Amino acid sequence: MSDVATRHTNRSELGFAALLGAVGVVVLVDAAGLHAPYSQADPVGPRVVPFIVGGLLLLCAVLLAIKVLRGDNAPADDGEDIDPNTPIGWRTVLPLIGFFILNIILINPLGWVISGTLFFWGSVWSLGSRHYVRDGIVSLLMALGTFYGFYLGLGIHLPAGVLEGVL
Amino acid sequence: MLMQGFATAATPMNLLYACIGVLLGTAVGVLPGIGPAMTIALLLPVTYVLEPTSALIMFAGVYYGGMYGGSTTSILLNTPGESSTVITAIEGHKMAKAGRAAQALATAAIGSFVAGTIGTALLVTLAPIVVKFAVSLGAPSYLAIMILALIAVTAVLGASKLRGFASLGLGLAIGLVGMDIVTGQGRLIFGQPLLSDGVDIVVVAVAIFALGEALWVAAHLLRTKTQTIPVGRPWMGKSDWKRSWKPWLRGTAFGFPFGALPAGGAEIPTFLSYVTEKKLSKHPEEFGHGAIEGVAGPEAANNASAAGTLTPMLALGLPTNATAAVMLAAFMQFGIEPGPLLFENEPQLVWALIASLFIGNTLLLVINLPLAPLWAKLLQLPRPYLYAGILFFATLGTFAVNSQTFDLVLLLVLGLLGFAMRRFGVPVLPLVLGVILGPRIEKQLRQALQLSSGDPVGLVNEPVAVVVYVIIALVLLWPVVTAILRRSNPRMAAAVALHAEEREVLSGEENDGAPAAGPADGAGLDNGSGRPAQSAAEQEASVQQKQKH
Numbered sequence: 001m002s003d004v005a006t007r008h009t010n011r012s013e014l015g016f017a018a019l020l021g022a023v024g025v026v027v028l029v030d031a032a033g034l035h036a037p038y039s040q041a042d043p044v045g046p047r048v049v050p051f052i053v054g055g056l057l058l059l060c061a062v063l064l065a066i067k068v069l070r071g072d073n074a075p076a077d078d079g080e081d082i083d084p085n086t087p088i089g090w091r092t093v094l095p096l097i098g099f100f101i102l103n104i105i106l107i108n109p110l111g112w113v114i115s116g117t118l119f120f121w122g123s124v125w126s127l128g129s130r131h132y133v134r135d136g137i138v139s140l141l142m143a144l145g146t147f148y149g150f151y152l153g154l155g156i157h158l159p160a161g162v163l164e165g166v167l
Numbered sequence: 001m002l003m004q005g006f007a008t009a010a011t012p013m014n015l016l017y018a019c020i021g022v023l024l025g026t027a028v029g030v031l032p033g034i035g036p037a038m039t040i041a042l043l044l045p046v047t048y049v050l051e052p053t054s055a056l057i058m059f060a061g062v063y064y065g066g067m068y069g070g071s072t073t074s075i076l077l078n079t080p081g082e083s084s085t086v087i088t089a090i091e092g093h094k095m096a097k098a099g100r101a102a103q104a105l106a107t108a109a110i111g112s113f114v115a116g117t118i119g120t121a122l123l124v125t126l127a128p129i130v131v132k133f134a135v136s137l138g139a140p141s142y143l144a145i146m147i148l149a150l151i152a153v154t155a156v157l158g159a160s161k162l163r164g165f166a167s168l169g170l171g172l173a174i175g176l177v178g179m180d181i182v183t184g185q186g187r188l189i190f191g192q193p194l195l196s197d198g199v200d201i202v203v204v205a206v207a208i209f210a211l212g213e214a215l216w217v218a219a220h221l222l223r224t225k226t227q228t229i230p231v232g233r234p235w236m237g238k239s240d241w242k243r244s245w246k247p248w249l250r251g252t253a254f255g256f257p258f259g260a261l262p263a264g265g266a267e268i269p270t271f272l273s274y275v276t277e278k279k280l281s282k283h284p285e286e287f288g289h290g291a292i293e294g295v296a297g298p299e300a301a302n303n304a305s306a307a308g309t310l311t312p313m314l315a316l317g318l319p320t321n322a323t324a325a326v327m328l329a330a331f332m333q334f335g336i337e338p339g340p341l342l343f344e345n346e347p348q349l350v351w352a353l354i355a356s357l358f359i360g361n362t363l364l365l366v367i368n369l370p371l372a373p374l375w376a377k378l379l380q381l382p383r384p385y386l387y388a389g390i391l392f393f394a395t396l397g398t399f400a401v402n403s404q405t406f407d408l409v410l411l412l413v414l415g416l417l418g419f420a421m422r423r424f425g426v427p428v429l430p431l432v433l434g435v436i437l438g439p440r441i442e443k444q445l446r447q448a449l450q451l452s453s454g455d456p457v458g459l460v461n462e463p464v465a466v467v468v469y470v471i472i473a474l475v476l477l478w479p480v481v482t483a484i485l486r487r488s489n490p491r492m493a494a495a496v497a498l499h500a501e502e503r504e505v506l507s508g509e510e511n512d513g514a515p516a517a518g519p520a521d522g523a524g525l526d527n528g529s530g531r532p533a534q535s536a537a538e539q540e541a542s543v544q545q546k547q548k549h
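Going down the list, the protein sequences come from chains A and B. Residue numbering for the first sequence follows this note's numbering, beginning at 1 and increasing consecutively. Residue numbering for the second sequence follows this note's numbering, beginning at 1 and increasing consecutively.
No wet-lab data here; the hints were simulated from the structure. Please read all numbers here as calculations on a predicted model, not as lab measurements. Accuracy of the hints is not assured; some may be wrong.
As the list claims (entries may be wrong) - If the Cβ cut is set under 7 Å, some of the chain A residues that face chain B in the computed set are: (1) 13; (2) 14; (3) 51; (4) 92; (5) 104; (6) 106; (7) 123.
Where a beta carbon is used, it is the ideal one built from N, C-alpha and C, also for glycine.
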């Protein structure tokens with residue numbers, strides 16, 4: 001990893017350490033609020049394990065922060081189809097997340113066929129495809145196909161939404 | 001019992017599911033970016049309406065098919081689909097470039113079949129013995145063994161122990177969510193009634209393995225077209241057979257025991273097999289230019305290790321790799337309690353699953369040899385469709401389980417966590433194991449101390465428990481042990497360095513949640529002896545960089 005990349009990751013990894021710490025604190029606070037009377041049948045009680053887990057998380061958060069501040073960054077994950085040396089393509093990821101949230105909002109009111117079509121089309125677009133018509137047809141086929149496939153094949157009713165009665 | 005298993009598995013419907021599993025497994029194994037763990041995670045929600053037996057038979061097909069498909073990608077594209085097929089790519093891709101792709105694919109396929117069959121036979125012999133031993137254990141010993149599995153996977157796999165434990169902590173925290181088993185109080189539910197049943201393991205698996213991975217790939221997607229080497233039908237000549245059969249058997253011998261150990265994995269045995277074949281070969285000069293032994297041995301080791309992994313999973317309920325973890329999640333989804341009593345409580349299911357492993361293995365060979373050219377074409381699928389499809393099915397499947405948009409919110413949150421973990425080199429496997437094993441460990445802990453009325457001696461009053469805690473201590477002190485070993489055995493270190501030079505591919509992590517760790521990587525980042533291996537890996541990375549530009 002080059003120097004530039006190392007320096008680049010420095011700060012953001014502290015954010016991950018902070019997340020660990022925050023989760024640890026939440027676990028500890030939640031455990032402290034539990035009612036734990038001593039009983040012969042359950043000497044451990046409901047609080048012990050959360051305390052251990054919260055402690056582990058806090059410890060990891062502190063150690064990770066120290067490690068990062070010393071300049072010891074982890075290499076990002078590698079894999080197929082990717083070049084980990086490029087910066088994160090937020091212009092791909094953020095639209096993907098946006099379309100995901102849109103789908104959560106629309107799935108019940110509009111129904112899976114419409115929200116799913118939109119979601120697939122939006123994902124393909126976010127990932128860089130610009131064959132608008134072909135993508136649209138494929139998206140519609142995917143959403144329709146899964147709607148009927150789940151209904152006929154698995155007996156699962158996906159929400160029909162505004163198309164209730166049409167489908 | 002096995003015969004009854006065959007009777008169950010060989011019904012037309014179940015054979016069909018085995019076929020679907022094998023085809024699907026191979027397809028996703030071939031496709032870049034998807035592995036068996038992700039596939040089974042994506043299938044989990046869909047299969048919950050099926051008979052558990054049928055679903056598991058299909059998963060068995062996916063498991064072995066995925067292994068097979070991964071080697072195809074390694075050979076034809078030089079991008080290993082699984083960390084376990086990194087070694088296959090070294091000689092396999094060279095063979096393909098030299099016009100011997102057909103032979104490389106054939107020796108990989110037949111070697112996988114041989115190793116898978118022997119490995120499954122070993123599973124049949126060993127699992128009942130392990131079960132017999134395990135059912136005699138009490139809560140303290142079982143608790144110790146589960147902790148060992150967690151610690152081993154967390155501490156041994158992956159480059160950084162600290163990040164492994166961070167991942168484990170997050171998983172255990174997710175496992176805490178929900179109603180406490182004894183007192184019935186809600187833990188970490190934040191007044192949200194939908195959380196009182198806990199976070200569904202299916203949602204966790206889909207989020208971490210599918211959504212997190214797809215987002216991560218999307219963030220770094222290569223915009224260049226990949227080059228695939230065209231291939232005809234795989235076949236082998238007489239001399240290829242002669243050179244392959246011994247590596248197959250030796251590879252199997254390496255692979256199975258490592259697979260059966262917690263955190264053994266497939267990376268180390270494939271590497272050991274490669275080094276062994278290189279040493280024993282009558283054609284050492286061919287190594288590095290496409291030696292068939294270098295494909296046959298590691299591929300067999302890879303598949304034998306896959307079979308080995310199923311031994312602790314079925315006999316003890318302990319998953320040791322990502323795919324086994326997701327399969328265990330499937331057990332739990334069907335309400336089947338994993339653990340030593342599985343063979344007693346669900347004999348029909350277990351033996352049908354084992355029988356279907358034999359069937360799946362044979363199907364792989366029969367179906368896939370003729371289909372190899374087709375699989376090679378699959379590599380041309382446009383990437384936007386591939387990754388949009390993963391997101392689409394992840395969403396659809398998660399939603400279909402309970403028809404609740406709340407599950408989709410959880411999916412997104414955990415998916416973003418999976419994305420962040422990949423970004424910061426935090427292995428995902430400890431998290432998933434933490435979610436699965438955490439609640440079970442707490443249950444055993446409370447049971448063990450209940451028996452001793454709260455006296456901590458109750459945790460170590462069985463000899464097996466004591467032995468296991470000693471092993472845990474050894475695992476945690478592993479960096480010290482490897483440092484001593486390396487000092488006394490410099491040849492191993494040299495072999496590792498040489499191996500790193502030969503590799504053109506980056507030893508990447510994908511679905512196992514663990515970087516492909518050569519033996520040298522076992523040492524933690526903090527001790528000085530880990531440096532040589534690290535710098536070799538860096539060198540390798542820069543070499544690859546140059547080649548790309």
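Hint by hint, here is what the structure shows:
The interface hint given for residue 13 of chain A is met, as the beta carbon of that residue sits about 5 Å from the closest beta carbon of chain B, less than 7 Å. Residue-level restraint check for residue 14 of chain A is violated (minimum Cβ-Cβ distance to chain B is 10 Å; threshold 7 Å). Among the interface hints, the one on residue 51 of chain A is violated; its C-beta lies about 11 Å from the nearest C-beta in chain B, farther than the 7 Å criterion. Below 7 Å, beta-carbon pairs count as interface contacts, and residue 92 of chain A has one with chain B at about 5 Å; its hint therefore holds.
A hinted interface residue such as residue 104 of chain A counts as satisfied when its beta carbon comes closer than 7 Å to some beta carbon of chain B; here the least separation is about 5 Å, so the hint holds. The beta carbon of residue 106 of chain A comes no nearer than 10 Å to any beta carbon in chain B, farther than 7 Å, and the hint placing it at the interface is violated. Taken as an interface hint, residue 123 of chain A checks out: its beta carbon lies about 4 Å from the nearest beta carbon of chain B, inside 7 Å.
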